[in-house]
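Chains as they are written, first to last, in this note's numbering: chain S, 3 to 239; chain H, 3 to 239.
To be clear, the hints were calculated from the coordinates, so they are not data collected in a lab. No experiment lies behind these values; they were computed from the predicted model shown. Some hints could be false.
Identical copies carry no separate label here, and so any pair may be met within one copy or between two of them.
[Unchecked claim] Mimicking EDC-like on lysine to aspartate or glutamate, the simulated pairs with C-alpha atoms at most 20 Å apart in a straight line are:
id : residue 1 : residue 2
1  : K111      : D166
2  : K111      : E170
3  : K144      : D167
4  : K97       : D225
2 protein chains.
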Amino acid sequence: MNQADKPRVHISAQFNAELEGVRNDLMTMGGLVESQIEHAIEAALDGDSARAENAIELDLEVNELERSIDEQCTRILVLRQPAAGDLRLVLATIKVTNDLERIGDEAVKISRQAIELSEGGALESASARVRELAVSVNSLLKDSLDSFARLQVNEAATIILRDDDIDEAYTAAKTWLTSEIQAHPETLEASLAYLGILKSLERVADHAVNIAEQVIFLTRGVDVRHLDTLVVRDLVS
Amino acid sequence: MNQADKPRVHISAQFNAELEGVRNDLMTMGGLVESQIEHAIEAALDGDSARAENAIELDLEVNELERSIDEQCTRILVLRQPAAGDLRLVLATIKVTNDLERIGDEAVKISRQAIELSEGGALESASARVRELAVSVNSLLKDSLDSFARLQVNEAATIILRDDDIDEAYTAAKTWLTSEIQAHPETLEASLAYLGILKSLERVADHAVNIAEQVIFLTRGVDVRHLDTLVVRDLVS
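Next comes chain S alone, as it looks inside the complex:
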């Protein structure tokens, strides 16, 4: 290596370290919101208000990470002026951070409903419906974060398609709960809390889809938002 190359290699190594740093923070944030959602759901299903408080407290950390990742991305854009691939990665990171923060917000909402339910009124049959949807949504969220970490376009496309099933399950659960309210108006408040939890879970799934769309944008350069699922289907090998 001649002398002239040295500073360049040095800057590039530093730049790579910065990208790696922001990536690590994003993965930490992903892990945090995953456990936030898990705590919130378990709190709602077990009537464990301490666990719900825990999920709400985690949100401070999630918000702090959002702010820090945003700052790091802006810094990289200003100082490194990254080109094509790196630029796309930084832009995708900003968007995914935003989705993770909103998933954190849904975890807080679920936790608040959980605290309400813990004060009496939990309904066994509604809990079972929530648990069913929560299992699917949690695995969708986990897989979307994995597909982002590994930039797997195939897995990302599958997530977008799996969301259709979640929408269907959500609609079915909502219809069932509505008829439950008609049959048992005396448990209205608890039923509304479960309705809110279902709605939050459906939104978490939407955010997981947004994350998957960024994976496709990063790997294929295609913006698949709002496109027909046929286009997405073509990406699944």
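Position chain H relative to chain S; hints supplied.
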């Protein structure tokens, strides 16, 4: 002017035109989602399903604008590598676009509830509550877009504070509707539709707050997300 300056002036004029172009598109998108929300709410209050369909159709245009603005911003970042102020403007534009698109999604949700209500079941007293909240939320959204267009930090800070009143009005309306359901279980489905509309309006207000936060970020360089309202209060002169 000497010859050497010419290309630079030319590039800078072209760059300014690009920034102006993306700004115009963002304002067009803002106007579109504003009228989408207006159509959706009027549809819900008048039982006018044609107007609701209209709001749903507008969403195609909104989504297309989101894609186009995102592309323009990425192009500017790649080709112009903008510095401090311009970079912040481009990043804020990407975020505001995302909020506008989500407001469009809420308009679609309200429209779907409006279509349901138009098939019978509209409730006069619930309509009045929705209208009240809709008036506040519409004016918050309009003011947030104005504050962004004119980069008025004072107005932006006021929007963040006004959202507290909207949250309060939302909670009061929700509590009232819940007791209505208990008193009149026979109109449950309509009441749930109104609850959904109120929820969507509250989310539109949250997005308006996000837009206002970007105005403060742009003018003061301060990231006020998740901060105490005292910090925001300091910005109001």
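So, going through the hints one by one against the coordinates:
1. K111 with D166: between (23 Å within a copy, 17 Å between copies)
2. K111 with E170: This pair counts as between: shortest inter-copy Cα distance 16 Å, intra-copy 22 Å.
3. K144 with D167: within (17 Å within a copy, 37 Å between copies)
4. K97 with D225: Answer is both; intra-copy 13 Å and inter-copy 16 Å each pass.
Going down the numbered hints, you'll see the structure goes against none, and every one checks out.
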